[in-house]
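Make the full structure from the sequences, and use the hints.
As a plain string of letters, each chain reads:
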Amino acid sequence: MLSPTDSPRGKLLSQYVCVRITRMDDIDVGLFDRDWNNTLYYFMMNADEQIYMRYGGRDARSPDSYLNLSSLELALVKGLELHREYQRGEIKKTDRPKPLFPREIPLLVERTISRNACVECHLIGDYLNVHREQDGKLDKLTHMYRSPDIRTLGIELDVPKGLAVKEVRDAVAAAGMTPGDRITSINGTPVWTFGDFQYHYDKVNRNAERIQIAVDRAGALIDLSIALAERWWWTDLTFRQWTIEPRVYFDSVPLTDQEKRDRGLVNRGGFASKVKRIDMFAEMTKSHELRVGDIVFGVDGVQRDEMANTAELFIKLRKTAGETVTLDVIRDGKRMQMKLKTYKMSFRK
Amino acid sequence: MRKPEALFSAVLAGVLLAVASLLLAQDDEIRWLDNYREAIQEAKRTQKPIFLEFRCEP
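Read top to bottom, the protein sequences are chains S and X.
Numbering (this note's numbering) for the first sequence: 1 to 349.
Numbering (this note's numbering) for the second sequence: 1 to 58.
Note that these hints are calculated values from the structure, not bench results.
Treat the numbers as computed from the prediction; the structure is a model and nothing was measured.
Please note that the accuracy of each hint is not assured.
No farther apart than 30 Å at their CA atoms in a straight line, the calculated lysine-lysine pairs in the DSS-like style are these [said to hold, decoys possible]:
| id | chain 1 | residue 1 | chain 2 | residue 2 |
| --- | --- | --- | --- | --- |
| 1 | X | 44 | S | 286 |
| 2 | S | 274 | X | 44 |
| 3 | X | 48 | S | 319 |
| 4 | X | 44 | S | 137 |
| 5 | X | 44 | S | 92 |
| 6 | S | 341 | X | 48 |
| 7 | X | 48 | S | 93 |
| 8 | X | 44 | S | 98 |
| 9 | S | 98 | X | 48 |
The following label-pair restraints were derived from C-beta to C-beta distances [what the hints assert, rightly or not]:
| id | chain 1 | residue 1 | chain 2 | residue 2 | range |
| --- | --- | --- | --- | --- | --- |
| 10 | S | 114 | X | 41 | 21 to 31 Å |
| 11 | S | 4 | X | 38 | 21 to 31 Å |
| 12 | X | 41 | S | 203 | 27 to 37 Å |
| 13 | X | 44 | S | 280 | 52 to 62 Å |
| 14 | X | 41 | S | 209 | 43 to 53 Å |
| 15 | S | 95 | X | 41 | 18 to 28 Å |
Think of the CB as a built atom: it goes at the ideal place given N, C-alpha and C, for glycine as much as any other residue.
In C-alpha cells:
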C-alpha cells in the first residue's frame, strides 16, 4: 500500500505503529481469530493487545468486494478515536481469548511447520476443521459455511462508506432497515467496519431464528429485529480451500413442490433437485455420470433432510469427503441408480 | 560539449533524478515493521495504537 505521509491516509497511518505479518508461525491465532480464507486482513489494536476493530472480509464474488481505501480511512479515524477513549479509561478491557499457536495444531506441525513451509492462513482454518472432524466436533453449518453472505439477509452496503446501507431487500427490508442507515451493532456487539460485522454475524448460532441489528438513522439509534430465512447460513464455498468439504462436481436447483408431486416424490423436506451444471472435473475424475436435466431425489436411500434443499447440499452436509454414495435419479422419466464418488480438495500444504 | 557527451550527461542526470525521487518517495512512505513483538514494544513506547496487517504472500 503506497501511502505517502502527507496524503490523508499517510497522515492517519503515521499515527499508528504499522506492522505487516506474512508468516503466522508465532502468532496467537486464538487472539486473532478470523475467517482464515482471507489473504489480507487488518486489526486496529493497542499495546495491551486489546482489539478495537477489524478491517477486511470478503465474499464469493471477489477477495476485495469489501476492501476500499475510503472505508479504510474511515476505519483508521475510528481506530484513533477508540484509542483515545481507551487511554482515558472509557473503554473496558476485554478478556483475552484462549491462546492458540500454530505449533499447537498437530497436523499443521506435521505437514507444514516441520517442513519449514509457510504457515498460510487458510491452512490454519482447514487443519482446525480437519481436527474437529477427527474429534467428531465438526459442525459443518458453523465451521464449513463460514461468514454467511450478508446479501442473503438483503443488505447491500455502500462499500466506500463502511457500514452505510445502500440497498435493502428481503429480511432486513421487512424488519424496517432503509437505505442510508448505518449499521452500529449486531446482537448487542458494536461494529465499526464490514470486517467487524461479518465476524460477529458469523458467530450467530446457526439455529437462531432472529438477529438484532441496530442502525444509526440520521442520528437516531434504531433497533431492528430480523427474522432469519431458512438456510440463512448457506454461502458459496467455491473460493474456499476446505478438505473437509465433499466435492460433488455438479450443481442442482430444488424442484418446486408441484414438480415433486408430479413425479411422485417426497414433498415436504424432500431434497429432490434438478441438475443444472456438470463440473468438468466430473468427467476428468469419472466421479459420476449425471447429466444436465437429471433429477436427483435420493442419496443412499435418504430423500429428505431438515437442512438440505438439494441433493448436493445433502451430500456436503451429511457425507465425508472421499465417500462414495448411491444416487436415486430420474432421467427422461425413468428411475435409475448411479454411484457418485466425492473428492477432497487437493492443494499445496 | 560534444554531442555524445551531452547525451550521456543528460541521461545520467535523468537517472540520478529518478533514483533520488525514488529514495525520497521511499523515505516519505510509512514505516512498516515485520515483527509483532517489536510492534507491541513500539506501541508501548510511543503510546500509539497498532495497525496490524496479515498478508498471505504466495
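Q: For the pair supplied as a hint, residue 274 of chain S and residue 44 of chain X, confirm whether the alpha-carbon distance does not exceed 30 Å.
A: violated, 60 Å
Q: Can you let me know if the beta-carbon spacing of residue 114 of chain S and residue 41 of chain X is within 21 to 31 Å?
A: Taking Cβ atoms as reference, residue 114 of chain S and residue 41 of chain X lie about 30 Å apart, which means the hint holds.
Q. Taking only the CA atoms, is the gap from residue 48 of chain X to residue 93 of chain S under or equal to 30 Å?
A. Distance of about 17 Å is within 30 Å: holds.
Q | Straight-line alpha-carbon gap residue 44 of chain X to residue 92 of chain S, limit 30 Å | A | Satisfied, since the Cα-Cα distance of roughly 18 Å is no more than 30 Å.
Q) Going straight from one Cα to the other, do residue 98 of chain S and residue 48 of chain X come out at no more than 30 Å? A) Holds, at roughly 25 Å.
(Q) Looking only at beta-carbon atoms, does the pair residue 95 of chain S, residue 41 of chain X fall within the given range of 18 to 28 Å? (A) holds, 23 Å
(Q) I want to verify a distance hint. Is the separation of the beta carbons of residue 4 of chain S and residue 38 of chain X within 21 to 31 Å? (A) holds, 24 Å
Q. Given the hinted pair residue 48 of chain X and residue 319 of chain S, is their alpha-carbon gap at most 30 Å?
A. violated, 50 Å
Q: Go ahead and decide if the range 27 to 37 Å is satisfied by the Cβ distance of residue 41 of chain X to residue 203 of chain S.
A: At roughly 32 Å between Cβ atoms, residue 203 of chain S and residue 41 of chain X fall inside 27 to 37 Å, so the hint holds.
Q | Pair hint outcome, residue 44 of chain X versus residue 137 of chain S [Cα-Cα no greater than 30 Å] | A | violated, 40 Å
Q.
Assuming the hint says 52 to 62 Å, is it satisfied by the Cβ distance from residue 44 of chain X to residue 280 of chain S or not?
A. holds, 55 Å
**Q.** Pair hint residue 44 of chain X and residue 98 of chain S, alpha-carbon separation not exceeding 30 Å
**A.** holds, 23 Å
Comparing the model with each numbered hint stated earlier shows that hints 1, 2, 3, 4, 6 do not hold.
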